[in-house]
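Colleague: Sequence:
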Amino acid sequence: MKLNNGGESQPESVVAGAWGMRALMSWDESARDAAITAMVERARVHYQSWYEREGEPRASAALARALMQLYDRTNDARCSDLAFSILDRIAALQVTPAACPMPELWGSINAGQPGVVGSDSAAYVSALAEGLVLARRIGDRQRVERYERAVRLGTRFILQLEFTEAGCFYVRTPRDALGGVRMSPWDHRIRVDRCGDALESLIEARAALFGEPARRGDSAHR
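First residue of the sequence shown: 105, per the numbering used here; consecutive thereafter.
Keep in mind the hints are simulated off the structure, nothing from the lab.
Where hints are given, some of them may not hold.
Label-pair ranges, simulated between beta-carbon atoms [to be verified]:
1) Pro201 x Asp132: 36 to 46 Å
2) Arg240 x Arg182: 17 to 27 Å
3) Glu116 x Arg182: 23 to 33 Å
4) Ala203 x Pro278: 30 to 40 Å
5) Glu208 x Ala181: 36 to 46 Å
6) Gly243 x Ala138: 27 to 37 Å
7) Gly271 x Arg146: 40 to 50 Å
8) Ala311 x Val149: 21 to 31 Å
9) Arg279 x Gln152: 43 to 53 Å
In this text, a Cβ means the ideal position worked out from N, Cα and C, and glycines have one as well.
Just need the whole structure built from these sequences, with the hints factored in.
Modeller: What follows is the structure in structure tokens.
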């Protein structure tokens, strides 16, 4: 894995690096090759330094997910501690009923300009959902409660961005929009990448809140 040690890392490169870490660990899940573990550890040190310097929210969310996967591999508390630090910060950015009188914004993650929220919240919900699973695993009850509230509220926000049949009354060709996810409550553009993020966040949230669904053919169906 090539790390850019010169200059400031751009958020996009941090996101790509975090996904690269995750891909390597997933590919090497069974072998647990020492060389790959060492490579990912070097990446952790590099991106931790980036987080301490900059900590751009969206890239930080991607980093938290990589760190949680690395913790599953190594049980290194440095990974879980930094991941939880990032997720606590993300949870604190969530729009809640206590802070906002507009129900349509509840659950969004206001990580950019004040009041500017949208489907980018899905990336944060995915990270919080994985954090909920990890908090349960290590018995961190306070974070379990905090992250579960955040995931439930965030899922609510993502779901209301979806174009439903009833909500397509003003769309010329509803088939093109049905099931898509708006950029924001007031921006009706649909981006494929944001739809993908939203779908992933809902899958992660379902698994974190209700457990993995049984597969066809499992004993639960027999």
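Colleague: Would you mind marking each hint as holding or not holding in the structure?
Modeller: Verification of the supplied hints:
| no. | hint | verdict |
| --- | --- | --- |
| 1 | Pro201 x Asp132: 36 to 46 Å | holds (44 Å) |
| 2 | Arg240 x Arg182: 17 to 27 Å | holds (20 Å) |
| 3 | Glu116 x Arg182: 23 to 33 Å | holds (25 Å) |
| 4 | Ala203 x Pro278: 30 to 40 Å | holds (35 Å) |
| 5 | Glu208 x Ala181: 36 to 46 Å | holds (39 Å) |
| 6 | Gly243 x Ala138: 27 to 37 Å | holds (29 Å) |
| 7 | Gly271 x Arg146: 40 to 50 Å | holds (48 Å) |
| 8 | Ala311 x Val149: 21 to 31 Å | holds (30 Å) |
| 9 | Arg279 x Gln152: 43 to 53 Å | holds (46 Å) |
Every hint from the earlier list agrees with this structure, and none is contradicted.
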